[in-house]
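Student: Protein sequences appear in the order of chains B and S.
First residue of the first sequence? That's 1 in this note's numbering, and the numbers climb one at a time after it.
First residue of the second sequence? That's 1 in this note's numbering, and the numbers climb one at a time after it.
Just so you know, the hints here were simulated from the structure itself, not pulled from any lab data.
Hints may be right or wrong, so weigh each one.
Given that identical chains are not distinguished, each listed pair holds provided it fits within a single copy or across any two copies.
[Claimed, not checked] In the EDC-like style, the derived pairs of lysine to aspartate or glutamate whose C-alpha atoms are separated by at most 20 Å in a straight line are:
#: 1; residue 1: Lys75; residue 2: Asp55
#: 2; residue 1: Lys310; residue 2: Glu286
#: 3; residue 1: Lys63; residue 2: Glu274
#: 4; residue 1: Lys75; residue 2: Glu274
#: 5; residue 1: Lys178; residue 2: Glu160
#: 6; residue 1: Lys310; residue 2: Asp55
#: 7; residue 1: Lys178; residue 2: Asp157
#: 8; residue 1: Lys310; residue 2: Glu134
None of the values given here were measured: they were computed from a predicted structure.
Number of protein chains: 2
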Amino acid sequence: MRERARRKKAIAAAVGAGAEALVVTHGPDVRYLSGFTGSSGAVALVGGRAALFTDGRYTTQAKAEAAGLRLVIDKRSPAVQAVEWLAAEGVTRCAFDAGHTTVAAMEAMKKALPAAVRRSFLVASDGLVARIREVKDEDEIALMRKAAALGCRLFEDVLEFVVAGAKESDVAAQLEFKARMAGAEAMSFETIVASGERSALPHGRATSAKLPKRGFVTLDFGVLLGGYCSDMTRTVHLGKVSNREWDVYHSVLEAQQEAVARVAPGVRCGDVDEAARSVLRKAGLEKEFSHSTGHGVGLEIHEGPRIAAKQEQLLEPGMVITIEPGAYLSKQSRSLPKSASGTGLFGVRIEDMVLVTAAGGEVLTAASPKAWMEL
Amino acid sequence: MRERARRKKAIAAAVGAGAEALVVTHGPDVRYLSGFTGSSGAVALVGGRAALFTDGRYTTQAKAEAAGLRLVIDKRSPAVQAVEWLAAEGVTRCAFDAGHTTVAAMEAMKKALPAAVRRSFLVASDGLVARIREVKDEDEIALMRKAAALGCRLFEDVLEFVVAGAKESDVAAQLEFKARMAGAEAMSFETIVASGERSALPHGRATSAKLPKRGFVTLDFGVLLGGYCSDMTRTVHLGKVSNREWDVYHSVLEAQQEAVARVAPGVRCGDVDEAARSVLRKAGLEKEFSHSTGHGVGLEIHEGPRIAAKQEQLLEPGMVITIEPGAYLSKQSRSLPKSASGTGLFGVRIEDMVLVTAAGGEVLTAASPKAWMEL
Numbered sequence: 001m002r003e004r005a006r007r008k009k010a011i012a013a014a015v016g017a018g019a020e021a022l023v024v025t026h027g028p029d030v031r032y033l034s035g036f037t038g039s040s041g042a043v044a045l046v047g048g049r050a051a052l053f054t055d056g057r058y059t060t061q062a063k064a065e066a067a068g069l070r071l072v073i074d075k076r077s078p079a080v081q082a083v084e085w086l087a088a089e090g091v092t093r094c095a096f097d098a099g100h101t102t103v104a105a106m107e108a109m110k111k112a113l114p115a116a117v118r119r120s121f122l123v124a125s126d127g128l129v130a131r132i133r134e135v136k137d138e139d140e141i142a143l144m145r146k147a148a149a150l151g152c153r154l155f156e157d158v159l160e161f162v163v164a165g166a167k168e169s170d171v172a173a174q175l176e177f178k179a180r181m182a183g184a185e186a187m188s189f190e191t192i193v194a195s196g197e198r199s200a201l202p203h204g205r206a207t208s209a210k211l212p213k214r215g216f217v218t219l220d221f222g223v224l225l226g227g228y229c230s231d232m233t234r235t236v237h238l239g240k241v242s243n244r245e246w247d248v249y250h251s252v253l254e255a256q257q258e259a260v261a262r263v264a265p266g267v268r269c270g271d272v273d274e275a276a277r278s279v280l281r282k283a284g285l286e287k288e289f290s291h292s293t294g295h296g297v298g299l300e301i302h303e304g305p306r307i308a309a310k311q312e313q314l315l316e317p318g319m320v321i322t323i324e325p326g327a328y329l330s331k332q333s334r335s336l337p338k339s340a341s342g343t344g345l346f347g348v349r350i351e352d353m354v355l356v357t358a359a360g361g362e363v364l365t366a367a368s369p370k371a372w373m374e375l
Numbered sequence: 001m002r003e004r005a006r007r008k009k010a011i012a013a014a015v016g017a018g019a020e021a022l023v024v025t026h027g028p029d030v031r032y033l034s035g036f037t038g039s040s041g042a043v044a045l046v047g048g049r050a051a052l053f054t055d056g057r058y059t060t061q062a063k064a065e066a067a068g069l070r071l072v073i074d075k076r077s078p079a080v081q082a083v084e085w086l087a088a089e090g091v092t093r094c095a096f097d098a099g100h101t102t103v104a105a106m107e108a109m110k111k112a113l114p115a116a117v118r119r120s121f122l123v124a125s126d127g128l129v130a131r132i133r134e135v136k137d138e139d140e141i142a143l144m145r146k147a148a149a150l151g152c153r154l155f156e157d158v159l160e161f162v163v164a165g166a167k168e169s170d171v172a173a174q175l176e177f178k179a180r181m182a183g184a185e186a187m188s189f190e191t192i193v194a195s196g197e198r199s200a201l202p203h204g205r206a207t208s209a210k211l212p213k214r215g216f217v218t219l220d221f222g223v224l225l226g227g228y229c230s231d232m233t234r235t236v237h238l239g240k241v242s243n244r245e246w247d248v249y250h251s252v253l254e255a256q257q258e259a260v261a262r263v264a265p266g267v268r269c270g271d272v273d274e275a276a277r278s279v280l281r282k283a284g285l286e287k288e289f290s291h292s293t294g295h296g297v298g299l300e301i302h303e304g305p306r307i308a309a310k311q312e313q314l315l316e317p318g319m320v321i322t323i324e325p326g327a328y329l330s331k332q333s334r335s336l337p338k339s340a341s342g343t344g345l346f347g348v349r350i351e352d353m354v355l356v357t358a359a360g361g362e363v364l365t366a367a368s369p370k371a372w373m374e375l
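Can you make the complete structure from the sequences, with help from the hints?
Tutor: Here it is in structure tokens:
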């Protein structure tokens, strides 16, 4: 059980933020610190003590999942229960996550506190547990390897359904069915199948649109396996390719490979982003790369660190990040020649999950080829 | 387009709460008021004017979905953009939803405001738009009928996979695959397939457990279709039934039918809950019915009104609610006879979606039988 070690880090972070205790209500943080996976719960930490608060729906589950924590079952809000317990234990300053606590929830906690401590009890903090979660421990890395490997198998298995005339949503259905049958709890986010002109949409979730005879199909998907998210993107091509499509694909691929090669401990996140961005800039595709290069991934699909322009944060061993540059050519695009295939609207994105190791970076989704794929 | 009428109601509610303007950031509320379905956006309303704020990922989509609103694309937080615009328009008091705004987001909005209005600008309100959404308009009811009907078809189609030895997660996989192929955007919540002893868990999401030769299987699932959620539960039995199982099933069924029969405009939500609860009380199953009778459903799987003990809210025509009593027999259960089948742990839940009409209630999931089903 790694939870005890994680709780030690969390309470140390709270003390570092000027509090004696910590209350955590964000689901992934609760799971990380306690093992409890129910939809409503709070973890309270003070000194070496830890308690989990939830409601009667989860009695059996909480006992099984969060062994070793004091468990309190009550109908009231877990956060309110947690701060009442902490106040009764003599705590006077308790950190909470301002980024995951609603104004209403904060007011409810305040109201439940003794008048003597109410004004100064709650210490707003930002992502204390999220920052600990950025660096994965061995148990987490093992789970993420499995999730990434499953993603790669699914991509291979779904290719037979990527044919002209198939609906995007049917491709997504096949992918999600295979994921479930392989043991995934769920998809880690809404599956993106963006084909033809729709590949020019960075967030083109699968619709009833049919795959074209000629054009790109971008598949961006992930599974949830053992609580951890995978995330990968491949872009394949149907039918005859234009020179422009070929060139854009290979610019994105080069950008992606340059950024992956840059991953190593101590490297600035902004420098990894720049490794991808500079390739696309040279190819005249700077404006067409309209998002950041990547993000951390773990219990949540989007975690820290941000792999984006000017980010000063340094990579550390144990971080798992995505590297996912893309180029999206729209009607407004300066780079769009009139001779491009069809309407000329298309996009390409290529994404891997990368583990930061002591030596550099290890691509967890290496089993899926990134070379040009024509179906 | 109903969005204009909805925005009129929303700004009226904000004025009723003592503000001149309203900022909305909760995704389903943004969609309800603007049509925009992107993952990050804010709607600002003042007088008859409305603006939508989002980022560059969503330019094309926002233009297509939210025609008729002023559209502003910017990298900064949509909520910050929205309050800045409102302040520039001369607004001095703006309502926001304290239940869906984090402390950090509120502080960011405050920081962006001119010092002269900063202290009094943001007026905390609670569910102004959520309350409007409780009563569905005709467009919404049409969509919810379709979602509910699809749920019923899926239940019928998945029964062939409900056989002893099948994994719960495989049943869920088949259900979810059929949902996708039938056009559902997604499931509306994590599919519950709880079999044998696991049927005693009210929230028994599908696991790798195998369906038993003898025992209950509870299927609780819903689809997302056209943005709207369906939600239904059926409990079927595999193999030879015990007298106790038969009796508990029929007590839950009677409770469910009594509550459905009680649905009509002007009826207290607490009285609908009591209609179910009193049947189970008489059957000695009061403690085994450990949750409330139901909830509103719409763009979100859990909306108002709450159909729970002592709720004073009155039903109104156009509300869509679930009616889902259950009984869960655990080791601690006083009602558990030693002669019950197997370990004696089992549970039953039966759930319909019900539209409140001018005359009473219309069951939207009536196509799925609730009579005892032995497979």
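Student: Going through the earlier hints one by one, which of them does the structure break, listed in rising order?
Tutor: Violated: hint 3 alone.
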